[in-house]
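Sequences listed follow chains E and U, in order. The numbering of the first sequence is my numbering, which starts it at 1 and goes up by one. The numbering of the second sequence is my numbering, which starts it at 1001 and goes up by one.
Take these hints with a grain of salt, some might be off.
Claimed, not checked - So the derived label-pair ranges between C-beta atoms look like this: (1) U:Gly1416 x E:Glu64: 54 to 64 Å; (2) E:His38 x U:Thr1042: 20 to 30 Å; (3) U:Ala1078 x E:Arg93: 52 to 62 Å; (4) U:Arg1432 x E:Glu90: 26 to 36 Å; (5) E:Gly21 x U:Gly1096: 30 to 40 Å; (6) E:Arg39 x U:Ile1377: 39 to 49 Å; (7) U:Glu1436 x E:Arg39: 26 to 36 Å.
Claimed, not checked - Not close to chain E: a few residues of chain U, all C-beta gaps over 10 Å, as computed: (8) Met1010; (9) Leu1057; (10) Arg1091; (11) Arg1140; (12) Val1224; (13) Tyr1273; (14) Arg1312; (15) Val1402; (16) Asn1441; (17) Leu1444.
Please keep in mind that the hints were generated in silico from the structure rather than gathered at the bench. It should be emphasised that the depicted structure is a prediction, and the values quoted were computed from it without experimental measurement. Cβ coordinates follow ideal geometry from the N, Cα and C atoms, glycine included.
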Amino acid sequence: MNLAEAAATRDEGEVARLVEGGEDFNKRYPVRPGLLFHRPAELTPLEAAIAADDPMVVQRLMQEGTPFDVERWTYLHCIAGGDEAPQVLERYRPPDAEPDCDSVRAPWPADD
Amino acid sequence: MSLSFGYDLMRISVQVSDTLVDLIYVQQSPSAWESFMSEVTTSAYLRPLRLAQVKMLFDLAQGHYWLVYRGSHVLLLAAALFLFVRALDIRTWRDGAAGAFALTVFTGIHTFRGVVREGFPVNHFLVIVVYSLLALNLARSKGGRWVDLTAVVVFVAASLTLESGLLVWVVMATAWACGMRGISSRGVIAVTGCLAAYCCMRFLFLSTGMPGLEERTSGLWLRVLEPDELIARFGANPTWFYAYNVATSFLSVPFADPNDGVFQLVGSRLEGYVPPRLYVAIVSSTATTALIGWAVIRRFRRPTSALHDADRQLLVLAGVVLIANSVVSFAYTRHEILSVAGAFYAFAAFVTARCAIESWHASTRLTGAAVLMVLAIVATTWTFRTAGVHHMLRVQAFKVRVDWARLSPDLTRDTGSREERVAAALVRHLRRDALEAPVTNPYLLPRWADRWWGE
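So here's chain E without its partners, still in its complex pose (with noise of 0.2 Å):
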């Protein structure tokens, strides 16, 4: 299992275990059908978290690398969809974020 398909399946336990072991928290990774979504997806694991409404796999990984900035935070703020990841989200929003969600599309299918 790769990174994206552990934070998609909530395995906190392995989202650690991969960071911790240097695997890129960037980068896509192919996700299974199944595990997520009906089809396979390109997602990075933080797509993957959000995607999976997961608050403690997307708080870890918000806390892995650099401060988000405007552009990159409104990206995740618009593809979130669930009731407890926005909440992370908003802990971490930049000062001067107004969120425009209109030209933003999210890595996966809409009809998923």
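Start from chain E and add chain U according to the hints.
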């Protein structure tokens, strides 16, 4: 059965909760004796042998902590199963059939879940179950000086491990009173003397006292209360709360509800959803308890025979242990604390199954067939509950791994005093072991498994 549960247990890492603090302590402790003495003067509990056992296993592990602590858990479970089956004294095919049913009750009951789920690092509740079953085996043995001496040693070890270890005296005394003479009168007197010495030491010499309301959360009616809520409600007079805990503990074993002091069926219905696992547990336990009631009437009403004597002994023992275990749970109620009562409930189930098979031959065909059919249905539900223990253990393995993933980085930093750096190295070792362990992800399991077997 030992192998299958053992396999699941070995897939669980050494856990974080109720364990890490003890492991860090024993790492720094110079000896098992020092660990023992450090627990003698604690305020609410007298459990010196508990920490000494953790220390001895720690020193034995030589860095292989998972292997030794989980391995000891597997060995304890195997010992419990062996002692339970041995105490059934199976001699005929009828006994074998009844024993198979009893074994599913022993492993399917909710109190058993507690003793396999938790690691601690040594599951001391399982240790007490083993001691209690050993006490019964001694009581049913041919007797002799070595049996009496072993009985004394077992009681002393149990009483200094956990407070529920005092139930070993209950088993021995009740067994003797029922006519089981494996432990002689002198042996029972000696064990009773040890009990008196324990009480004097605890309450007069050491003034250890009893656990207070601030120690733990505890269930009340439909929800779990935090310690500050318990103190606010019962701080002035905890008598009613203690009585509630004893009563709900007494009901929990034969009816599977309330659970940890909470009336789950009522609570779930009020919330609008009752998970099927609750129905399975409550129906199977209640039906078995009703059958046990039928068996009690049969055994105490019929003419005496040697077999019936043995059955009456087990029924009385199960009842007395249930009452005593409920009293021991007065401070707060948990599955694990009732594990001895759960184990002895399975003995009552054994007698019941034996009665049912006997009734097939003795009664009219219709009556006998009806009883056996009910038993067969009930046995199926117990088997289903036992199968659910494997699911629970897989989920537990995943949760333990997540706990390690979430551990504060402060605990693994190589800074501070020498002791702090040594402790941090231990924590890093345990965490690495846990994260490297392959576990099943419950999110990949069928959803129905959690509805029917979850917690």
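For a quick check of understanding: which of the numbered hints are violated here, in increasing order?
As far as the earlier hints go, 1, 2, 5, 15, 16 and 17 are violated by this structure, in ascending order.
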